[in-house]
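Trainee: With the sequences and hints as input, model every part of the structure.
One-letter residues, chain by chain:
There are 4 protein chains.
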Amino acid sequence: MASTLGTLFRITTFGESHGPGVGVVIDGCPPRISLATSDIQAELDRRRPGQSRLVSARAEADHVEIVSGVEDGLTLGTPIALLVRNEDARPQDYAEFGGLFRPSHADYTYEAKYGIRAVAGGGRASARETIGRVAAAAVARQFLAAAGVEVLAYVKRVERILALAIAPGRVTRAQIEANPVRCPDPAAAAKMIRLIERVRKRGDSVGGVIECVARGVPAGLGEPVFDKLEADLAKAVMSLPATKGFEIGSGFAGTLLLGSVHNDPFYMEHGRVRTRTNRSGGVQGGISNGEDILIRVALKPTATIALPQETVDRAGRSATLRGRGRHDPCVLPRAAPMVEAMVLLVLADHWLRQAALAAAQVASRPGRRAPRRR
Amino acid sequence: MASTLGTLFRITTFGESHGPGVGVVIDGCPPRISLATSDIQAELDRRRPGQSRLVSARAEADHVEIVSGVEDGLTLGTPIALLVRNEDARPQDYAEFGGLFRPSHADYTYEAKYGIRAVAGGGRASARETIGRVAAAAVARQFLAAAGVEVLAYVKRVERILALAIAPGRVTRAQIEANPVRCPDPAAAAKMIRLIERVRKRGDSVGGVIECVARGVPAGLGEPVFDKLEADLAKAVMSLPATKGFEIGSGFAGTLLLGSVHNDPFYMEHGRVRTRTNRSGGVQGGISNGEDILIRVALKPTATIALPQETVDRAGRSATLRGRGRHDPCVLPRAAPMVEAMVLLVLADHWLRQAALAAAQVASRPGRRAPRRR
Amino acid sequence: MASTLGTLFRITTFGESHGPGVGVVIDGCPPRISLATSDIQAELDRRRPGQSRLVSARAEADHVEIVSGVEDGLTLGTPIALLVRNEDARPQDYAEFGGLFRPSHADYTYEAKYGIRAVAGGGRASARETIGRVAAAAVARQFLAAAGVEVLAYVKRVERILALAIAPGRVTRAQIEANPVRCPDPAAAAKMIRLIERVRKRGDSVGGVIECVARGVPAGLGEPVFDKLEADLAKAVMSLPATKGFEIGSGFAGTLLLGSVHNDPFYMEHGRVRTRTNRSGGVQGGISNGEDILIRVALKPTATIALPQETVDRAGRSATLRGRGRHDPCVLPRAAPMVEAMVLLVLADHWLRQAALAAAQVASRPGRRAPRRR
Amino acid sequence: MASTLGTLFRITTFGESHGPGVGVVIDGCPPRISLATSDIQAELDRRRPGQSRLVSARAEADHVEIVSGVEDGLTLGTPIALLVRNEDARPQDYAEFGGLFRPSHADYTYEAKYGIRAVAGGGRASARETIGRVAAAAVARQFLAAAGVEVLAYVKRVERILALAIAPGRVTRAQIEANPVRCPDPAAAAKMIRLIERVRKRGDSVGGVIECVARGVPAGLGEPVFDKLEADLAKAVMSLPATKGFEIGSGFAGTLLLGSVHNDPFYMEHGRVRTRTNRSGGVQGGISNGEDILIRVALKPTATIALPQETVDRAGRSATLRGRGRHDPCVLPRAAPMVEAMVLLVLADHWLRQAALAAAQVASRPGRRAPRRR
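Residue numbers (my numbering), protein chains in the order written: chain A, 1 to 374; chain B, 1 to 374; chain C, 1 to 374; chain D, 1 to 374.
Since the hints were made in silico from the structure, they are not lab data.
SDA-like mimics (lysine to any residue), calculated; alpha carbons at most 25 Å apart, straight line:
hint : chain 1 : residue 1 : chain 2 : residue 2
1    : D       : 201       : C       : 257
2    : C       : 191       : D       : 258
3    : D       : 191       : D       : 164
4    : A       : 201       : B       : 260
5    : A       : 191       : B       : 256
Simulated coverage check for chain D against chain C, where a stretch passes if three residues somewhere in it have a Cβ under 8 Å from a Cβ of chain C:
hint : segment
6    : 122-136
7    : 150-163
8    : 243-253
9    : 287-294
Predicted model only: the values in this text are computed from it and were never measured. Every residue, glycine too, gets a C-beta built ideally from N, C-alpha and C.
Mentor: Laid out in structure tokens, this is it:
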């Protein structure tokens, strides 16, 4: 189950960083949804490395193939398998690390767990594993878009450079894609780019915070008590590499407020229940309340750096690791589409779960007949 | 699945706050573990309200009954059902709220989702639902203790009062239980108590941060890629009421460091791979590395306050809510055992998953015979 | 997961035969369905022993309590916990078997698996475990009935006595309940009763075949490829004690026909696709086709008999088992409600899964908005 | 979940009969098991069509590619993705059926469920979907073999021709593979072949019974109460196309015996508990008892025939279907490896579940330390 996520919209990813390929099987996508290879390719292109000096130089085209589940541009309701071949695999770049555990990587823990590991590029622990997630999320986006749900993630902070001029309720994808750092505050973006350049030259790395907003989510998504919407969002984003923290709504800062200030008063607007503030972040008691869902994710500075580091090898001998290989001085620009992907996947799953509940309520009333395709 | 958590150590909770009772079914507990009612009762006593002025005055004895799965003080390997009767249910206290949506509670969202709800005390959204979790965690603690794993949670911060004099590697349960606020830093605890008293008199509430350490966790727990240990921990604690954020290791603060500072260097100690720092929080690549696991959880100020609040009723009419009923001015002292419970449940599940993997590796070697009970 | 069944309508049973009680937690029942204790009690009364000389003399009232999930006679959408106390537990009746493995019972295999077992009455292997299933099925029946689905099981054969005068399409519950053997063919029923009486006097036992029909099931239930409707039905009934075989439609006898004879021709009737014959048993490719679903289940002769039997004890010493205790000379009359229960549970689950799919198809069309409660 | 099977050894199949390819992702295979492409290819070769006149003439090489989870011939413990390209897809052969529902096929029910379907070759309902199952089972066989478990399936009956000269305890794979009908009783095999030839010439089809034995299964596999070993075996084989019935041990015939005859007496042999007869079929109370596991599966005559048949088209118009395309006059020779595959998959899963339980029992004893890789 470790490589599977979701209840009704279930994805299973597979593939090592430097093996034949990576991919995903999506089980539970509704039938008769329009889906073209280009819908998925567009998302993969945002995720892939080599887009600018800011991120890893690995040059992968990452061409996706739809292996099953789609015919004549429409989903069949059967499992959708998506495959991306690894083309620029260079296992030899990693040969020298073979016996050394890279600090704050998964080398040692994989070894401890499995007694074996795909050394090159971290195997499954590589960010390359997220290709399957981003591809699956492109499918989720297709049917969530039809339902009026929009999800956007962007870089909110790099190290100490905080982007303040962003209104989550109105930010657009064009604003996010306007610069290579994916920060829709142009002034902050410029500073972030300069910082990342500086850090890259020193062979070091920086981290920061991604913010993600989901707009148009209807009230009612999320399942008490363990599958609360914020719980599933937390799990989903914390399953991404390099994440160290998760917040929803007021988050950690909200703990500094009094209850009388923190509570979100209800009022009516155009016949709809609204809240005056949104410290809840769009979720109350684990269920969406119709306001924007707003989360933030902490990403540590990239573990791969060019500077020498103290470590040990498999045999337990002290050693010094001297980095080479390709790496990102700052993972955040590429992490934004990944966070977006995880939020899309969680919302798609809960959207289907709520659709199921709503249908069951209607259909189980006396006098109703069974569910029928319309 | 919404009320079920875990893969191999699975719990399913049930019960409304003011219905006949609450409880849990545990499926997957190993057989022949010593288990007495008193083991569970002791944990429930820590969780229950009415222990001091700091928390809710609801006076529940919360007597637990083992309904199944145990005979002569030993677990049978079959489902363990635990039941706690609701005794001090006072639905009339809540009658007046009937039509009003309490701000930042789950009233509106349950109504939006189900079209019906157990009005009194929030039904399943009540903290009373956590009785089943804490009871199940008491069982998990029994067998994790035998394996040398210890989990302790305590109050790290209330509003702005931060407890600095705590060493997660050495803190004891006695220190935590030494004061009603469950903060093992006595000076900070005294300040916290005064603050909570002050806030209670004003009819207001405060939030803060719980920290939780797990010691003695062997390397190898956690499953890539979605069931990473930190991902499952995040989900588990974010499924508790009132949580707004989750961190592991360096958390959000870690994003301010350079990679060269943030990485945890490896070294050998007594033949074991160790890290010099623990910014990873005991987990790398989703798998435990043998260091202490350290997490922090943000809890918002309690939503239930005595001050008047703006809201609407079911019919969409503006209204003012005036609190009465019993409530906690600060949920943190009682939340510490809940966070501890969630961490225990996640570790028990992953401990069994890793035991399964280890057994499979051994047993699937040529020449080995099938698994046998010893 | 071993004690949990279902995907969207999930049940978890608990309880040993001679422990404090047995029961079930149902997670996934839609909200706002009318549910009274009497709805469940009526089904338990059909299942329980002591109804006639034909079945076990254990005198249990089997009073069910709804512990959670229902308020004012309506389901809340939250887990429904149902509890039945064990009242006529007589562990001493079983004391003498303590060390002996009863042939064709689960004594030896439980011991081999767990190294411990609830000796009295077989613990979880007892037919008493099915109380939880029958209680949960009573809830499933409530909402399936509203959707026009009716499920009836009856005794089709006892040993060699075959009931031929039964039309699955028209049989009624009244006909089934008209005699203690639950065979709606009165002439066959009379013979069955005489046979069972005879066998009981000799201290022996007999088996036979239960047939079960589900009428009013709409086309579209069942999920390719592993959760085919017949696959889930097979698993569900084969999880009942004493079952040795399962058939759907033409079953084993169908293997004697040529394809040209066996195939069910399609034709139209009142604008609906029908089949002229029903050798498919209402399911094609794992999905219901709108015809009656018809299955048969083989039940072995009860393992508990009064005659002496060769066996061994825990220490591996040869021994002779001499039965006492209470037992059924023929389990079939009581097994009919159990088979009915399992079919109801599977249909409820797949009905909700299909409702979910249908809702997703509708809602994911462009221009549609998200699912809403109506 | 519909395309996923298993709890700890989980497989997810994907692919349509005439799309780009078919395959499987295996999650939960233990690490460091030797696995070569040829191990899998050998099993696929047994399953594929075109091996003799007796089966479908579709000429597919069915070359399997290991896309992930294996490095240098050893499993990594990560998901193993296996892919087989469709090469001899001839969708045009099916064009003429486009609008017609083939009797006793899944055409109508897929249409009813999804409102869309992959017309050519039945899409997911095709026997081609089983490629993924057989490939996954080849992996399961690798580690079960190391544990001393052997699984063999063969043709027991074709229409009325019953193979009597087979001893399940001693039958070999060589005997099974000695003739194209996969019946290890040579005299019966010869008659079966003649019958199938005759039926093929008439454009008709026949069905029959597959028997499958699992030898060397240790006592203790299977989980009460719903995941009983026979229940999971029943589900697994009933999820294969064309299956109409399932039996274990004495099966339907056992219902004709008295309990005193049917019960399997226990005795000791070389310090091991054995049964004198094996009417239980190797499973008691849902748990293996160490005897051979013996099941039988009824397969209907192939639905695809060359003779004209009454049917309707999508628009509800009466029509006559005249078969063409490639088909099997008797599916049984190819079904034997499929049944074998399903039994292997179930045993692998339960073997891991029992290994997990055994490990948990050992490790949770006081004084023990946590699970470690050895």
